[in-house]
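Generate coordinates for the entire structure from the input sequences, incorporating the hints supplied.
Number of protein chains: 2
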Amino acid sequence: MPKTFSRQTVFAGRVIDVGVENHQMPNGRQSSFEIVRHPGGAAVLPLLPDGRIMLIRQFRPAIGEMIYEIPAGRLEPGESAQECAGRELIEEIGYSAMQILPLGGFWSTVGFCDEYIHLFLGRDLTVAEQNLEPDEVIDLCPMTFAEALGKVKGGEILDSKTQLALLLYQTLEKDQ
Amino acid sequence: MPKTFSRQTVFAGRVIDVGVENHQMPNGRQSSFEIVRHPGGAAVLPLLPDGRIMLIRQFRPAIGEMIYEIPAGRLEPGESAQECAGRELIEEIGYSAMQILPLGGFWSTVGFCDEYIHLFLGRDLTVAEQNLEPDEVIDLCPMTFAEALGKVKGGEILDSKTQLALLLYQTLEKDQ
Numbered sequence: 076m077p078k079t080f081s082r083q084t085v086f087a088g089r090v091i092d093v094g095v096e097n098h099q100m101p102n103g104r105q106s107s108f109e110i111v112r113h114p115g116g117a118a119v120l121p122l123l124p125d126g127r128i129m130l131i132r133q134f135r136p137a138i139g140e141m142i143y144e145i146p147a148g149r150l151e152p153g154e155s156a157q158e159c160a161g162r163e164l165i166e167e168i169g170y171s172a173m174q175i176l177p178l179g180g181f182w183s184t185v186g187f188c189d190e191y192i193h194l195f196l197g198r199d200l201t202v203a204e205q206n207l208e209p210d211e212v213i214d215l216c217p218m219t220f221a222e223a224l225g226k227v228k229g230g231e232i233l234d235s236k237t238q239l240a241l242l243l244y245q246t247l248e249k250d251q
Numbered sequence: 076m077p078k079t080f081s082r083q084t085v086f087a088g089r090v091i092d093v094g095v096e097n098h099q100m101p102n103g104r105q106s107s108f109e110i111v112r113h114p115g116g117a118a119v120l121p122l123l124p125d126g127r128i129m130l131i132r133q134f135r136p137a138i139g140e141m142i143y144e145i146p147a148g149r150l151e152p153g154e155s156a157q158e159c160a161g162r163e164l165i166e167e168i169g170y171s172a173m174q175i176l177p178l179g180g181f182w183s184t185v186g187f188c189d190e191y192i193h194l195f196l197g198r199d200l201t202v203a204e205q206n207l208e209p210d211e212v213i214d215l216c217p218m219t220f221a222e223a224l225g226k227v228k229g230g231e232i233l234d235s236k237t238q239l240a241l242l243l244y245q246t247l248e249k250d251q
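Those protein sequences? They're chains A and B, same order as listed.
The working numbering puts the first residue of the first sequence at 76, with every later residue one more than the last.
The working numbering puts the first residue of the second sequence at 76, with every later residue one more than the last.
Think of the hints as simulated: they come from the structure by calculation, not from any bench.
Note that the Cβ used here is the ideal one computed from N, Cα and C, for glycine as well.
Please note: incorrect hints may appear among the correct ones.
[Claimed, not checked] Quick list of simulated restraints, FRET-style, between CB atoms:
1) A:G169 with B:R82: 31 to 39 angstroms
2) B:Q205 with A:D125: 51 to 59 angstroms
3) B:P152 with A:Q157: 41 to 49 angstroms
4) A:E140 with B:Q205: 37 to 45 angstroms
5) A:P124 with B:R132: 37 to 45 angstroms
[To be verified] One side only, chain A facing chain B, incomplete, derived with CB under 7 angstroms:
6) I91
7) I110
8) F134
9) P136
10) I138
11) C188
12) D189
13) L233
14) D234
Here's what the structure looks like:
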């Protein structure tokens, strides 16, 4: 198996750790790569008691816009992905889920980053206390699943985890 | 609209540019964020003349594994997303596409990065000369669409752009 030969950390931040790494490729050649290391995260598609789903609109400094997303966050040390999903559901939309079911997962941008996002379905929701962090600005956007899927097809939902959660849910439901 | 108030570049690489940025949130509060700036990319789902699709398996240093993907790459300066998709199709799998049709697009990991990936469908393929870069190690994996979709559902395809291209193609085809 290929191995890292060396790593020079160029930035150690709160969220990401950036390094220049030398790796041996399967063809024996050694090359240098810029790699962002990230603890990974969890995201959850919330199914509301009235049959709708809950999306959020959130300001994202990286792109300077409010965009549609599902509740999500970074894994904290020692926390399972399922615990993270349950915690973010409460903090970001103010619902607690009796059931947090695995829906899939993905490498977000594997060319330069090791972030893996675990996807879940949140079922049997009951009202809890929303608890946003000071730098989170979030609008709640309940809608039908059909509306959300229309926004994926229409290019209004452009976030990877949100598109994937909706499309995976559609595909897996269809199998049942 | 929110504005960047200041940016301190902490790493200017070949592929990514990393900075600590201060932004004013819609609620007026100023906060500091670690942001990775990336030129964006294009990815293409190739439909082979025999009705199958072409996936690749590629070694990715960020995760130390060979994984299933569709052909993709970074936008070069002055290049359109469609041109990038056509170029990567030739370079990575050795096919030229008469038709490169828009399939969607997504922010890969909007919490800390501005990378946007444009998705395309490559149709009417003819054989061209594959031209890998020295640090690309790629196996060609032609398979049926049903096989590929099974690998998404079974957790064998874990790359965001590849999952999304397959699921979007399934959803949009179903509409026709």
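Structure-based check of each hint:
Taking the beta carbon of each, G169 (chain A) and R82 (chain B) are about 34 angstroms apart, inside 31 to 39 angstroms as hinted. Remark: the range hint 51 to 59 angstroms for Q205 (chain B) to D125 (chain A) is upheld by a beta-carbon distance near 53 angstroms. A C-beta distance of roughly 43 angstroms is found between P152 (chain B) and Q157 (chain A), which places it inside the suggested range of 41 to 49 angstroms. Under the hint 37 to 45 angstroms, the C-beta atoms of E140 (chain A) and Q205 (chain B), about 38 angstroms apart, fit the expected range.
The hint said 37 to 45 angstroms for the Cβ distance between P124 (chain A) and R132 (chain B), and at roughly 43 angstroms that hint holds. Interface hint status for I91 (chain A): upheld, as the beta-carbon distance to the closest one in chain B is roughly 5 angstroms, under 7 angstroms. This hint holds: I110 (chain A) has a C-beta 5 angstroms from the nearest C-beta of chain B, less than the 7 angstroms allowed. Given hint, F134 (chain A) at the interface with chain B, holds; its Cβ is 5 angstroms from that chain's nearest Cβ, closer than 7 angstroms.
Proximity of P136 (chain A) to chain B holds as hinted, the smallest CB-CB distance being about 4 angstroms (cut-off 7 angstroms). At its closest, the beta carbon of I138 (chain A) sits 5 angstroms from a beta carbon of chain B; the interface hint therefore holds under the 7 angstroms criterion. Hint status for C188 (chain A) relative to chain B: holds, with the closest Cβ pair at about 6 angstroms, below 7 angstroms. Interface restraint check for D189 (chain A): the shortest CB-CB distance to chain B comes to about 5 angstroms, inside 7 angstroms, so the restraint holds.
Satisfaction of the interface hint for L233 (chain A) is found here, the shortest Cβ-Cβ separation to chain B being roughly 5 angstroms, below the 7 angstroms cut-off. For D234 (chain A), the interface hint holds, since its Cβ comes within 7 angstroms of a Cβ in chain B; the closest pair sits about 6 angstroms apart.
Checked against the numbered hints given earlier, this structure breaks none of them.
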